[in-house]
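A.B. asks: Below, each chain spelled out in residue letters.
Protein chains: 2
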Amino acid sequence: MFSHEYFMKMALLEAEAAKDLQEVPIGCVIVMNERVIARGHNLTEQLNDVTAHAEMQAITSAANFIGGKYLKDCTMYVTLEPCVMCAGALAWSQISKVVIGARDEKRGFINKKLQLHPKTEIITGILENECSVLVKAFFKEKR
Amino acid sequence: MFSHEYFMKMALLEAEAAKDLQEVPIGCVIVMNERVIARGHNLTEQLNDVTAHAEMQAITSAANFIGGKYLKDCTMYVTLEPCVMCAGALAWSQISKVVIGARDEKRGFINKKLQLHPKTEIITGILENECSVLVKAFFKEKR
Numbered sequence: 018m019f020s021h022e023y024f025m026k027m028a029l030l031e032a033e034a035a036k037d038l039q040e041v042p043i044g045c046v047i048v049m050n051e052r053v054i055a056r057g058h059n060l061t062e063q064l065n066d067v068t069a070h071a072e073m074q075a076i077t078s079a080a081n082f083i084g085g086k087y088l089k090d091c092t093m094y095v096t097l098e099p100c101v102m103c104a105g106a107l108a109w110s111q112i113s114k115v116v117i118g119a120r121d122e123k124r125g126f127i128n129k130k131l132q133l134h135p136k137t138e139i140i141t142g143i144l145e146n147e148c149s150v151l152v153k154a155f156f157k158e159k160r
Numbered sequence: 018m019f020s021h022e023y024f025m026k027m028a029l030l031e032a033e034a035a036k037d038l039q040e041v042p043i044g045c046v047i048v049m050n051e052r053v054i055a056r057g058h059n060l061t062e063q064l065n066d067v068t069a070h071a072e073m074q075a076i077t078s079a080a081n082f083i084g085g086k087y088l089k090d091c092t093m094y095v096t097l098e099p100c101v102m103c104a105g106a107l108a109w110s111q112i113s114k115v116v117i118g119a120r121d122e123k124r125g126f127i128n129k130k131l132q133l134h135p136k137t138e139i140i141t142g143i144l145e146n147e148c149s150v151l152v153k154a155f156f157k158e159k160r
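Same order as they appear, the protein sequences are chains A and B. One point on numbering: in this note's numbering, the residue at position 71 of the first sequence is 88, and numbering is uninterrupted. One point on numbering: in this note's numbering, the residue at position 116 of the second sequence is 133, and numbering is uninterrupted.
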């Protein structure tokens, strides 16, 4: 039951919440022991703050839940490949696993040859199409 | 009067405030029209949050002051070269200028070949020794 797809669907619900607010539709959840301990969706416009990406909020929220700043036994499910800022934050967090929906060839961290923590496993391509369509449709409508 | 050294001294005061809290002593200020509009010092331990770097807090605070998320007419003075996360945030902010005290060869963004926004000017080596000594003394004492 608790497949990667299951939790990515929860991340997609977060992305939909961002979309409803006219935000770029990106969402994520952080899971520990098959339980969602933090959620986040992009709020850069609402909060007037370039740092208010889904991942940043979820990292802060998960650390708050755990009562410690390291997310060693946690997995992040995120609908779009994290940017440089979020990859840097994930590296500091020492998170165990990052599961990515769609790739972001231009702004994502992977093509920039950035490493997360050496112990962090990265999985890509979970519900890739659903995650990708959401972002592409948003920008198409904006133009 | 309003030299780079003047504002870097204010960033150093922020770094001292971090040190007083047993935090890694890094501080910054953001200046617009020769006026400090935001300050920040490292609070990762106090807040149990890897994202609570001096720069991240100051970027959020400056955007809040301005009432907009872009820091186009602003200069950040920071005692230590920003990490990947903070460099990513600075890139999103489109800040005009980043003035750096000491370099961080290992964890700083420059050696990782990361770019800030194309229009962002970067200046290094302002009060380099004072900025560097503060961090080095902190880690020496920790060991």
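Each hint should be verified, as a subset may be incorrect.
Identical chains share a label here; the pair holds if one copy fits it or two copies do between them.
Here are the computed lysine-lysine pairs in the DSBU-like style, where the Cα-Cα straight-line distance is at most 35 Å [unchecked claim]:
1. Lys-129 - Lys-36
2. Lys-159 - Lys-130
3. Lys-36 - Lys-159
These are calculated hints, taken from the structure and not from any lab test. None of the values given here were measured: they were computed from a predicted structure.
A.B. asks: Hint by hint, note whether the structure agrees.
C.D. replies: Hints and how they fare:
1. Lys-129 - Lys-36: both (27 Å within a copy, 33 Å between copies)
2. Lys-159 - Lys-130: both (30 Å within a copy, 32 Å between copies)
3. Lys-36 - Lys-159: Only inside one copy: Lys-36 and Lys-159 sit 12 Å apart there, 46 Å across copies, limit 35 Å.
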